[in-house]
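Asker: Reminder that position 74 of the sequence shown reads as 74 in UniProt numbering, one-by-one numbering, no gaps.
Hints in this document: simulated from the structure, not taken from any laboratory. Don't be surprised by glycine CBs; every beta carbon is placed ideally from N, CA and C. Possibly wrong hints are sitting among the right ones.
Subject to a maximum C-alpha distance of 25 Å in a straight line, what follows is the list of computed SDA-like cross-link-like pairs (lysine to any residue) [stated by the list, open to error]:
1. Lys42 - Ala90
2. Lys42 - Tyr7
3. Lys68 - Asp85
4. Lys42 - Ile83
5. Lys68 - Ile83
6. Lys68 - Arg81
7. Lys42 - Glu57
8. Lys42 - Ala89
9. Lys68 - Glu39
10. Lys68 - His4
11. Lys42 - Val10
12. Lys42 - Glu27
13. Lys68 - Arg24
14. Lys42 - Ser11
15. Lys68 - Ala78
16. Lys68 - Arg3
17. Lys68 - Pro82
18. Lys68 - His34
19. Lys68 - Ala28
20. Lys42 - Arg18
21. Lys68 - Met88
22. Lys68 - Ala79
Here are the simulated distance ranges between beta carbons [said to hold, decoys possible]:
23. Ser9 - Leu33: 22 to 30 Å
24. Ala89 - Asp21: 14 to 22 Å
25. Val93 - Ser14: 33 to 41 Å
26. Ala62 - Leu86: 26 to 34 Å
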Amino acid sequence: MIRHIVYFSVSSASARDRVLDGLRLLEANPHALHLEVGENLKLDSLGNDIDFVVYGEFTDAAALEAFKAHPSYEASIAAVRPIRDLRMAADIVAREQRRPS
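Required output: the full structure, derived from the provided sequences and hints.
Answerer: Listed below in structure tokens is the structure:
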């Protein structure tokens, strides 16, 4: 399983709702096993530069590529890219959860 995590910052207070709405367009995408779009609670005392997070789980790289090829992904990019500042992404292979012995 691949975990796809994307972080966004938005300096304009007036653009925050539009960015969140644009990111939520991704929720219509059927290719993720699990997808969350949320606002950073900013509870970390060392860094609160990130405003929004998209977290997705995908069966494999092909599913992630299908997610990125879906019209909802393109619509989200069109809505968010012009008004966001920072975008950082990471893709990791999920470790299997181990049961305590």
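Asker: Among all the numbered hints in the text so far, which are the ones the structure does not match?
Answerer: none
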